[in-house]
Amino acid sequence: MIATVLAWKDRLLGRGDAAITVPVFDGALKSNRLIEDATAVATMDAPEDVATDGQTVYVADGARVLRLQHDDLHEVHRCAGHITALACVPGGGFALAIEGKEVRIEGGAHHGRQWSAVGAERFNAVNAISVTQDGRLHVTDGSSTRPHGQWKHDLMSLGRSGRVFELTPADGAGRVLATHLHYAFGACEMDGSVWVSESWRHHVTRVNRARNGSPPTVTDALPGYPSRIVPAQGGGVWLTCFALRTQLVEFVLREHTYRKRMIAEVPPAYWIAPALNSGNTFLEPMQGAQLKMMGIVKPWAPPRSYGLVVRLDEDGLVRYSLHSRYDGKNHGVAAAAECDGKLYLIAMGNRRLLALDIAAAERELLG
Amino acid sequence: MTSTPALEMRKATKKYVGVPAIEDVDFALLPGEIHSIVGENGAGKSTLTKIMAGVVQLDSGQMLIDGQEVRPLTPNDAQKLGVAMVFQETTLVPTMTVAQNLFLGQEKFFNRLRGIYIAAQQFLQSLQFDVDPTAQVSLLGAAKKQMVEIARAVLHKAKIIIFDEPTASLTPEEKKYFFDLVYSLKARGVSVIFISHALEEALQVSDRITVLRDGRHVVTDEASQFDRARIVQAMVGRDLSQTLYGQRKKQIRPQGKRVLSVQNLRMAAMVKNNSLSVFAGQVTGVFGLVGSGRTETFKVVAGVIKRDFMHGGEVLLHGRPVRYFVPASGVRDGIAYVTEDRKVEGFFETKSIADNIYLGLLAKLRGKRPLFRRSESAEVGEHWIKRLNVRAIGKDVKAIELSGGNQQKVVIAKALVQEPDLIIFDEPTRGVDVGAISEIHAIINRLADEGKAVVVISSYLPEVMAISDRILVQRMGKVVEEYSPAEATEEKIMYAAIH
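Here the protein sequences come in this chain order: F and P. Residue numbers for the first sequence follow my numbering, so the first one is 1 and each next one is one higher. Residue numbers for the second sequence follow my numbering, so the first one is 368 and each next one is one higher.
The set of hints was computed from the structure by calculation and includes no laboratory data. Treat the hints with care, as some may be off.
As the list claims (entries may be wrong) - Straight-line Cα separation of at most 27 Å, DSSO-like style, residue types lysine-lysine; simulated pairs:
| id | chain 1 | residue 1 | chain 2 | residue 2 |
| --- | --- | --- | --- | --- |
| 1 | P | K710 | P | K753 |
| 2 | P | K542 | P | K475 |
| 3 | F | K30 | P | K526 |
| 4 | P | K553 | P | K624 |
| 5 | F | K30 | P | K845 |
| 6 | F | K298 | P | K542 |
| 7 | F | K260 | F | K30 |
| 8 | P | K543 | F | K30 |
| 9 | F | K9 | P | K624 |
| 10 | P | K543 | P | K710 |
| 11 | F | K30 | P | K710 |
| 12 | P | K639 | F | K9 |
| 13 | F | K298 | P | K673 |
| 14 | P | K710 | F | K298 |
| 15 | P | K543 | F | K298 |
| 16 | F | K30 | P | K639 |
| 17 | F | K298 | P | K624 |
Whenever a hint applies, use it, and build me the whole structure from the sequences.
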């Protein structure tokens with residue numbers, strides 16, 4: 001009762017949850033053009049994930065696994081369905097998620113091992129796999145109610161059915177590490193626990209925490225929707241954010257009746273929702289805004305897509321960030337892999353594999 | 368235009384407590400001319416124009432009107448000489464109506480209110496000002512108050528009108544009316560002095576522009592000979608190594624955890640949708656011109672003033688939303704605000720150094736110290752006097768008896784005794800002697816090295832560049848740019864700060 005009254009008061013005064021504010025890009029999150037200026041290695045049909053074994057870079061493109069060799073991509077494996085997650089397994093081979101409903105090992109010592117459920121929990125929207133040094137797999141399943149391709153539906157229906165699993169290829173065992181997450185999208189083992197991106201809560205959280213007193217949250221109040229996490233050379237991780245939070249979307253997420261009608265009546269491409277790319281048609285929704293430049297007020301509408309990769313240190317602090325800004329095209333960065341001093345990124349917005357020199361980026365950003 | 372200036376200043380010098388606000392400034396305003404005076408904060412624009420308007424007097428030099436030397440001692444004297452000044456903060460009587468304010472000082476022995484209202488209505492309409500003459504001034508918005516102020520100057524038949532930041536509170540439509548009014552004043556032969564941080568407006572409206580820097584005249588030229596870049600260069604073109612603050616910062620501290628996150632903050636007309644973060648272990652410098660809303664933003668953070676009651680945005684301290692109604696709540700949460708106005712808000716001038724510092728501690732320990740413990744006060748006072756090197760005969764010396772620099776150290780000690788996580792220094796070296804500046808900077812740097820989140824609000828570019836690990840530039844109520852000290856130049860910062 002009291003909570004209802006307080007919520008009503010907040011809505012009336014625009015406070016608390018109804019304040020509808022978004023964290024600002026400043027400090028180490030200050031924007032730059034490094035993703036936009038990254039080298040475009042290749043343009044593909046439906047790139048989804050990128051992985052490396054430390055020497056070679058592999059890309060999941062539709063149903064194919066491609067190997068990057070001399071700046072060219074060669075098919076090394078083909079599956080029956082769309083690959084939604086890819087990881088390289090120590091000793092050779094891949095761990096693949098197919099259509100989000102099945103995890104399979106292809107090649108290597110555990111070739112043919114597959115999982116479609118852990119106990120009673122059936123896989124539904126597997127979107128990321130990470131491999132530990134001893135060969136265990138950490139698998140994130142974004143939603144148990146919506147398929148992988150319907151992530152927008154999950155956000156707009158305030159989904160919180162994400163899960164994290166641990167799979168052991170050696171014996172085929174599996175266990176559930178966490179459930180009821182707000183779209184789990186990416187995991188990585190760090191400091192004895194598993195860091196998991198919870199996209200709709202804009203933070204990275206620790207699950208399976210080691211008993212060393214580390215707090216449950218690694219980093220929070222991110223200005224974007226975090227996705228896959230991969231280890232970085234020299235400690236810490238790379239965290240990709242596939243879209244940016246905007247006040248308009250935050251507002252729509254609090255307007256339940258409007259949202260339900262939007263889901264029922266409007267095609268998903270035209271929803272007021274984050275997107276992997278934008279500006280394709282005038283039918284897309286726009287947020288009215290303005291900029292004052294040289295004393296003149298100019299109309300301006302922030303688009304719904306953005307490109308962002310964040311470098312976190314071992315404590316979860318942001319060291320620096322890489323951006324493709326509103327005026328760029330390399331948006332919707334959802335996967336990263338570091339190999340041979342370069343960071344390879346999948347920009348799903350324009351279906352590109354990008355590469356950028358990490359040392360040069362650090363020189364530019366850190367001096 | 369004739370060759371005899373309507374108003375001329377020759378070698379104008381004015382000092383405050385021995386420090387020159389303007390020095391040997393030559394200035395000439397031609398009849399029927401619109402003349403803009405631009406310069407950064409503290410350049411001497413206000414002092415120069417206040418002398419013209421009789422608010423303050425020259426220490427040396429001459430002021431001439433129509434070639435005759437004059438020395439107005441009061442604003443009334445200046446008004447009789449035909450000089451009127453329209454201040455940024457209006458000087459209207461809030462409890463009177465618009466019409467009463469217009470005719471204030473010109474009343475007849477018997478006044479018919481209806482007659483005043485009709486005359487005021489006709490006059491305001493002739494200026495195309497949409498203001499109700501019967502409205503009480505306290506109920507008007509900033510723009511309308513400004514209009515009444517302008518109308519009053521025109522009504523008093525001033526030959527020279529000085530506008531101090533006249534467009535800061537006007538909407539685009541109101542600005543257009545204002546500029547039309549300025550042009551019509553010019554057509555009537557009135558000379559106009561226009562002080563503005565809005566360079567585009569200065570370039571658009573002026574016949575000539577004068578640039579002041581550090582109290583000295585830099586250049587006067589036709590407006591057509593200027594562009595934005597030339598003005599900015601003239602405003603800031605100083606050698607950094609020659610300033611009190613030395614070279615720009617070379618070692619930049621890495622950022623720690625986000626201590627403060629301000630999101631879409633609003634506070635009346637001063638802070639507009641402002642967002643920024645402050646990180647532990649860094650000095651965050653905040654630069655902006657007067658009226659950019661820097662002080663107001665951080666006063667809201669510290670609970671000194673309140674944000675908008677409805678849709679005021681969010682302030683998150685260590686990720687937790689906070690909204691303070693009194694500063695004491697902020698103090699208990701680890702926020703210390705070192706005020707820019709130490710004499711009014713910083714200390715009790717008749718109390719001793721030790722008592723002042725101890726009062727800072729009591730603010731933090733509300734309820735845990737029901738009684739003032741004199742021994743503890745002495746102990747705390749001695750500790751901080753030694754730690755901050757406050758130069759005084761003893762801890763029992765009254766704060767008012769100290770120099771400006773040592774007073775500032777007492778205010779800082781009063782804040783630091785609260786062991787804050789976030790310390791906001793607002794103009795920490797204003798009115799402080801040269802020796803104390805470096806000591807205060809050392810204190811600020813030490814705090815950042817200890818892992819505290821430190822904010823330094825400063826109007827002085829060399830100070831911001833010398834001390835900050837990151838520089839935020841605020842303009843028109845919000846942060847518009849962030850620079851690292853490595854990339855920042857005075858020109859870049861000033862370019863972002865003016866509108």
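To see whether the hints hold, each was checked on the structure:
no., hint, result
1, P:K710 - P:K753, "22 Å, holds"
2, P:K542 - P:K475, "34 Å, violated"
3, F:K30 - P:K526, "51 Å, violated"
4, P:K553 - P:K624, "56 Å, violated"
5, F:K30 - P:K845, "16 Å, holds"
6, F:K298 - P:K542, "17 Å, holds"
7, F:K260 - F:K30, "35 Å, violated"
8, P:K543 - F:K30, "36 Å, violated"
9, F:K9 - P:K624, "32 Å, violated"
10, P:K543 - P:K710, "40 Å, violated"
11, F:K30 - P:K710, "38 Å, violated"
12, P:K639 - F:K9, "23 Å, holds"
13, F:K298 - P:K673, "31 Å, violated"
14, P:K710 - F:K298, "43 Å, violated"
15, P:K543 - F:K298, "17 Å, holds"
16, F:K30 - P:K639, "20 Å, holds"
17, F:K298 - P:K624, "36 Å, violated"
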